[in-house]
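Chain by chain, the residues run as shown.
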Amino acid sequence: MLSVENLTKQYGDLAAVDDIGFAAGQGKIFGLLGPNGAGKSTTINCISGLLPPTSGTISIAGFDIVRNGRKAKASLGVVPQELALYEDLPALENLYYWGKAYGLRGADLESRVRDVLGYIGLADRARDLPKTFSGGMKRRLNFGCGIVHKPKVLLLDEPTVGVDPQSRQRLFEMVEAERDAGACVLYTTHYMEEAERLCDSLAIIDHGKLIAEGTVAELKAQLGARDVLQLNGEFSSGLGAAVVARGIGDLEVLSENDNSLTLTMTAASQYLPAIFESISGAGGVVRETNLRSPNLETLFLLLTGKELRE
Amino acid sequence: MTFLFATFRKDIARWRQDVVAILIWIGIPFMIGGLITLMMDRDGDDGPMGVLLIADLDDTLLSGAVTAAFGREEMAELIGVQPVSAEKGGELIEAGEASGFLTIPAGFQDAFLNNTAATLTLKTNPSQTILPGIIEDIAEVLLDAGFYLQVTFGPEIAKIRDGGPLDRPSDLFVSDLAVQINDKMQKLGPQLTQPLLGVEIVAPPPAEPRPDIALLFLPGIVLMALMFAAQGLSADYWKERESGTLRRLVSTPGLPGLFVFGKALAAALLMAIIGGATLFVGFLYHDIVWSKFLPSMVWIVVSGVGLFGWFAALQMLLPNMRAADLFTTILVFPLLMMGGSFFPLEVLPDWLSAIGRWSPNGYVVSQLTDELTSVSPWTFDLRNWCTVAAMAVSGLAVCSWRLQTGFASK
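Here the protein sequences line up with chains U and Z, keeping their order. For the record, in the first sequence the residue sitting at position 118 is 118 according to the working numbering, with numbers rising by one throughout. Just so we're on the same page, the working numbering is the position in the second sequence counted from 1, plus 310.
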């Protein structure tokens, strides 16, 4: 349904997206995860036709976005990260307009707009201007404008940014409903818990490169049962190597600097006293300890040596 | 085509939410047109009029004749004579509320009849220049007339003086005096009435009828409304960009060209309303032949879309919303100045007028002026229509190109 192959987007010498590829099928939610600036939005912009790719191919419902743009776009729905609404046009008129932009006409358009208004919970505010809506209501209308034409492929670019918990829950339900209706959903986020809840499979992207891909279960399996131990305090150079040299379990250093030390090992809680003792013996001072069991965030940390939300 | 009309309807619906902007675009030319009309009406008055205060302390037949001389025929169009007392006249002239104050002293008539000296006092208003000068000149002419009367009719005046009270002359006295004066006039007649030089007055050939100056302002005022509207409407591309709707547009199968054309159609309707209202009032006020209304309307709507297209293109070529707004706002005023909106092209210096006629709005003003001042309607030729159509199409093409080359991205 959605296929991205060897996609590269270059700005001068900077590769915002560097040779990435993935595929997402019908009735599935595919997550694209990465920190801010990783290249998620650039990828979405290339898929939606907003940016021409430097190289690579993007196929939507069998149509190439560059060579057969209109047909590809007819199958595509986009819910951008920032609101894309006419705030001075009633909610109903917004849906009508975007429905017509996607080629809907007559009774089809009429019934679809009514359905979507009920679906996004704005039927009683249909004739009101979006500028009078709350943030959550605007988000729902933004979502409605992206699905008014029943797209085969739906792109959701961080749709929950700045959304209150209640509206977020409603958005999750709507995304799941689109998947259940047979749409292929590409969902970008930097919230791992969202990805874990919604995505059937996902890809992790950083610095424009795809660094991991698979189902949530497959990616977690890459971690094994290794915990991540994050320590803050005062650490001299080479302290990590000195601690590893003490031969504590299967301890490995993920990252280190003067103020933090990130370690990974199996059943880390059992070895905490030995770890603290060896750090103290090497001249380090621990002020804060954070022990995390394996999840997508720790996988990202493991793969990149940095937090997802840095 | 559905998407084109959907875009047109969408923009009209959005502009209906902003009625104030439309009223301002209509209001500016009406305000300026109203001011110009007021100025023209004032210019159409009989001109400035002076006030001459006369304190007649003599109150005789002769002093009355002097007073009446200032209020006769053409003189009355320039100077209004106001009889006053000496005190009141003094106060008014000191307060600067008159052009001059003439005091005719008591005994003025007797002095004239006795051919003795009498002093008429004329105070003039120093804050005025022309009218007091005219009053002085008239007073001197009257004094000269008195002198020549003394020289010419000295014996007759002496007879009047010696003949008893002037208010009860006998019939014999009057008839005798009339015969003497008539005899003298008969003798002087050839010298007084026959011109020594023959003067032939040759009237210049009748000039081409010049249009009313107030009418020449009308095309410029209409274009002023269109320019402000075009500049304001063109800023909508940046508003759409900021609201993210252009990004969404690019991800739809809707063609950017149709979107641009739909916005231009909405602009055309607004131009028709704004320009049409101004033009309609102008037609009523100047009593222009109504057969010229339709061609004038079509002309301003097509031209208005052309101006809108180019303002929009300029806006979309600039790097940010503030720069775009500032640049187009700054651009509007010199274009209005050169293009005949502040002063008609016909009254501008030749070099400025020539430049103005080459500016986009100046070209439109120039052709509209020709239409409004011509004898028959539809003076626009094929070249005129091609020029404004090319302006519109090229501007809109640039807009469409920019939409597809990154302008929609935020």
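No lab work stands behind these hints: they were computed from the structure. Just so you know, even glycine gets a beta-carbon here, dropped at the ideal spot from N, CA and C. Incorrect hints may appear among the rest.
Said to hold, decoys possible - Chain Z regions said to be covered by chain U (calculated; three or more residues, Cβ under 8 Å):
1) 320–331
2) 704–715
Stated by the list, open to error - The list that follows gives simulated cross-link-like pairs (lysine-lysine, BS3-like), each with its CA atoms no further than 27 Å apart:
3) U:Lys131 with Z:Lys549
4) U:Lys150 with U:Lys131
5) Z:Lys433 with U:Lys138
6) U:Lys220 with U:Lys28
Stated by the list, open to error - DEER-style ranges, computed between Cβ atoms:
7) Z:Pro605 with U:Lys71: 38 to 48 Å
8) Z:Phe340 with U:Glu82: 37 to 47 Å
9) Z:Pro644 with U:Gly135: 42 to 52 Å
A quick look at each hint next to the structure:
Check result for the segment 320–331 of chain Z against chain U: holds, 5 residues qualifying (beta carbon to beta carbon below 8 Å, three or more required). For the segment 704–715 of chain Z, the stated coverage by chain U is violated: 0 residues have a C-beta nearer than 8 Å to a C-beta of that chain, whereas at least 3 were required. For the hint linking Lys131 (chain U) to Lys549 (chain Z), the alpha-carbon distance of about 14 Å falls within 27 Å, and the restraint holds. Pair hint Lys150 (chain U) plus Lys131 (chain U) holds up; C-alpha atoms about 26 Å apart against a cutoff of 27 Å.
A C-alpha spacing of about 81 Å is found between Lys433 (chain Z) and Lys138 (chain U), which places the hinted pair above 27 Å, so the restraint is violated. For the hint linking Lys220 (chain U) to Lys28 (chain U), the alpha-carbon distance of about 19 Å falls within 27 Å, and the restraint holds. Under the hint 38 to 48 Å, the C-beta atoms of Pro605 (chain Z) and Lys71 (chain U), about 45 Å apart, fit the expected range. Here the CB-CB span from Phe340 (chain Z) to Glu82 (chain U) is close to 40 Å, well matched to the stated 37 to 47 Å.
Separation of Pro644 (chain Z) from Gly135 (chain U) is about 44 Å and conforms to the stated range, judged on CB atoms against 42 to 52 Å.
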